[in-house]
Amino acid sequence: MTTSPSSICFFNTLTRKKEVFKPLEADKVKIYTCGPTVYDFAHIGNFRAFLFEDLLKRWLVSRGFKVTHVMNLTDVDDKTIKGSQKQQVPLKQFTDFYVKAFFEDIKALNIQPADVYPKATDHIPEMVALIKTLMAKGYAYRGEDGSIYYAISKFPDYGKLSKIKTAELKAGARVSQDEYAKEEAQDFALWKAWTPEDGDVYWETELGKGRPGWHIECSAMSMKYLGETFDIHCGGVDNIFPHHENEIAQSEAATGKKFVNYWLHNEHLLVEGKKMAKRFGNFYTLRDLLAKGYDPIAIRYLLLSTHYRQQFNFTFEGLEAAKAAVDRLRNFVRRLHDTDGKDSKGKVAVLASKLEACFGGSMDDDLDIGTALASLFDFAREVNNLLDANMVSKAEAAEVGGLIMQIDAVLGVIGEVKMQEALPAEIDALVQKREEARKAKNWKEADAIRTQLKAMGIVLEDTAQGVRWHKEKT
RNA sequence: GCUGGGGUGGCCGAAUGGUUCAGGCGACAGCCUGCAGAGCUGUUAUAUAUGGGUUCAAUUCCCAUCCCCAGCUCCA
Numbered sequence: 000m001t002t003s004p005s006s007i008c009f010f011n012t013l014t015r016k017k018e019v020f021k022p023l024e025a026d027k028v029k030i031y032t033c034g035p036t037v038y039d040f041a042h043i044g045n046f047r048a049f050l051f052e053d054l055l056k057r058w059l060v061s062r063g064f065k066v067t068h069v070m071n072l073t074d075v076d077d078k079t080i081k082g083s084q085k086q087q088v089p090l091k092q093f094t095d096f097y098v099k100a101f102f103e104d105i106k107a108l109n110i111q112p113a114d115v116y117p118k119a120t121d122h123i124p125e126m127v128a129l130i131k132t133l134m135a136k137g138y139a140y141r142g143e144d145g146s147i148y149y150a151i152s153k154f155p156d157y158g159k160l161s162k163i164k165t166a167e168l169k170a171g172a173r174v175s176q177d178e179y180a181k182e183e184a185q186d187f188a189l190w191k192a193w194t195p196e197d198g199d200v201y202w203e204t205e206l207g208k209g210r211p212g213w214h215i216e217c218s219a220m221s222m223k224y225l226g227e228t229f230d231i232h233c234g235g236v237d238n239i240f241p242h243h244e245n246e247i248a249q250s251e252a253a254t255g256k257k258f259v260n261y262w263l264h265n266e267h268l269l270v271e272g273k274k275m276a277k278r279f280g281n282f283y284t285l286r287d288l289l290a291k292g293y294d295p296i297a298i299r300y301l302l303l304s305t306h307y308r309q310q311f312n313f314t315f316e317g318l319e320a321a322k323a324a325v326d327r328l329r330n331f332v333r334r335l336h337d338t339d340g341k342d343s344k345g346k347v348a349v350l351a352s353k354l355e356a357c358f359g360g361s362m363d364d365d366l367d368i369g370t371a372l373a374s375l376f377d378f379a380r381e382v383n384n385l386l387d388a389n390m391v392s393k394a395e396a397a398e399v400g401g402l403i404m405q406i407d408a409v410l411g412v413i414g415e416v417k418m419q420e421a422l423p424a425e426i427d428a429l430v431q432k433r434e435e436a437r438k439a440k441n442w443k444e445a446d447a448i449r450t451q452l453k454a455m456g457i458v459l460e461d462t463a464q465g466v467r468w469h470k471e472k473t
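0 is the number of the first residue of the first sequence in numbering that gives the first Met the number 0; add one for each residue after it.
Please note that the accuracy of each hint is not assured.
As a list, the in silico DSS-like pairs of lysine-lysine whose alpha-carbon atoms are at most 30 Å apart [to be verified]: (1) Lys106 x Lys27; (2) Lys85 x Lys99; (3) Lys256 x Lys118.
Ranges of calculated distance between the beta carbons of each label pair, as one might list FRET restraints [stated by the list, open to error]: (4) Lys106 x Lys274: 26 to 36 Å; (5) Glu18 x Lys256: 34 to 44 Å; (6) Met404 x Arg380: 16 to 26 Å; (7) Lys164 x Thr314: 30 to 40 Å; (8) Ala135 x Leu23: 34 to 44 Å; (9) Pro89 x Arg278: 28 to 38 Å.
Don't read these hints as lab results, they were simulated from the structure. All residues carry an ideal CB built from backbone N, CA and C; glycine is no exception.
Can you make the complete structure from the sequences, with help from the hints?
Rendered as structure tokens:
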């Protein structure tokens with residue numbers, strides 16, 4: 000799909016409205032997305048966020064934008080430190096393992112990699128510099144415990160993203176025990192002074208011996224790679240407060256400029272109608288699902304097929320349905336490859352342009368994937384009708400195939416549909432043998448061979464044009 | 001407690017102040033097929049949590065109730 004005069008709209012958490020998207024630089028988009036904390040295998044809720052961001056990026060690219068995408072890897076925080084201590088391995092060794100796992104997972108889900116994956120531990124100097132600026136400008140102070148805190152009372156805009164009024168924040172049990180060190184309970188740590196629990200995880204810096212707070216890495220790294228103001232920042236809704244609110248406070252206090260123009264947040268998913276939690280026994284990593292034999296692309300389709308701002312209920316029934324839907328699309332592409340009919344006299348072209356307009360228009364509207372998919376399935380049904388009537392020529396099929404591939408560059412679920420490639424000689428011999436059996440109307444033998452091939456992952460289909468086969472996708 | 005999102009057919013999910021409320025999946029039937037698969041057609045489907053109200057007309061707007069989910073200091 001090419002750049003069109005139509006405009007793309009996104010729901011901006013900052014304004015709680017759909018807004019026409021205008022990048023800072025024409026045709027270029029800079030995106031920062033909050034990545035994983037690498038202390039465990041990522042779960043399907045994490046991947047809903049990463050898949051939403053993948054869809055967003057792919058859509059912008061398909062509309063002709065040059066996208067620069069940065070995703071951070073949080074490799075130092077309470078959880079990573081605790082995890083490495085538990086396993087009695089150095090922090091880096093511990094986090095490297097989960098970084099590797101993360102990249103394997105996103106590959107399995109056909110998520111296009113970001114341009115940069117900055118790690119927090121590789122950007123300590125940038126964070127120190129940013130904290131020093133905040134101290135110099137009077138936004139940060141050193142607490143009695145030696146840690147450095149951000150004074151939210153100094154930043155009048157605090158709360159503009161989450162719409163939370165700091166005065167109304169519940170001073171509940173979750174305020175950390177070292178709160179006495181801070182001037183106000185809501186202030187958050189920029190730099191955490193070393194404590195014995197941190198073990199050998201610390202940096203000796205101008206700020207003292209310690210480690211960075213969680214929020215500062217995203218401010219420091221996003222500005223380093225994307226500039227002081229950039230276009231889009233994404234994450235799960237849970238990040239709106241405090242993480243993104245704090246990022247804004249840190250970044251805008253330091254630069255005096257607007258940090259991000261569009262904030263996009265995805266809703267969480269439920270599993271079998273409930274919040275996903277280990278204690279409910281409904282907590283799944285991608286690896287859990289793959290181990291059960293599910294197709295990662297079906298998982299991709301499922302997590303993608305619900306609008307990103309809607310809570311999504313993950314069920315295994317839904318996953319089976321997703322697999323069937325993907326198969327339907329793949330079968331459609333296969334039929335297109337095989338067709339050699341008469342010309343539809345322009346009918347196919349009309350349907351194709353309708354699809355292009357509907358799919359594009361839907362996606363432009365805050366990534367309305369549901370309606371976009373409906374237009375795709377409508378199209379498939381109508382073209383299948385023409386295929387049944389033998390009214391799609393090879394040239395038309397090629398046109399349609401091209402359009403489907405353009406759409407799949409956004410969806411990423413169909414992939415290369417393998418056509419009649421050369422079969423290993425022994426399998427080809429079996430196919431031929433079955434053909435002879437069929438000609439002789441020896442159905443028993445023909446069916447036996449078909450069953451045998453199925454067990455080998457080769458699915459046979461008898462069509463008017465002769466026997467076709469394809470590899471079974473798991 | 002405060003704030004916000006949501007409850008649509010067997011399941012998942014769009015959309016909308018007004019002719020029959022997308023699409024996917026499932027089940028059943030028909031066509032096609034030696035059988036199957038794929039595909040098409042039909043049925044399931046006079047489905048909008050509940051109770052009121054506004055309106056010529058509501059599923060859509062308003063009110064109440066019930067339920068689910070999230071945020072309220074480091075969880076996508």
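Against the structure, the hints:
The hinted pair formed by Lys106 and Lys27 meets the criterion: a straight-line CA distance of about 25 Å does not exceed 30 Å. Taking the CA atoms of Lys85 and Lys99, the gap is about 20 Å. The hint holds against a cut of 30 Å. Between the alpha carbons of Lys256 and Lys118 the distance comes to roughly 25 Å, so the proposed pair stays at or under 30 Å and holds. The supplied range of 26 to 36 Å is met by Lys106 and Lys274, whose beta-carbon atoms lie about 28 Å from each other.
Checking the proposed 34 to 44 Å range against Glu18 and Lys256 shows it is violated: the Cβ atoms sit about 19 Å from each other. For the hinted restraint 16 to 26 Å between Met404 and Arg380, the CB-CB distance of approximately 19 Å keeps it satisfied. One distance hint, 30 to 40 Å for the beta-carbon pair Lys164 and Thr314, holds here, with the actual separation near 38 Å. For the pair Ala135 and Leu23, the beta carbons lie near 27 Å from each other, so the given range of 34 to 44 Å is not met.
Restraint check, Pro89 to Arg278: a C-beta distance of roughly 31 Å satisfies the suggested window 28 to 38 Å.
Comparing the model with each earlier hint shows violations of hints 5 and 8; every other hint is respected.
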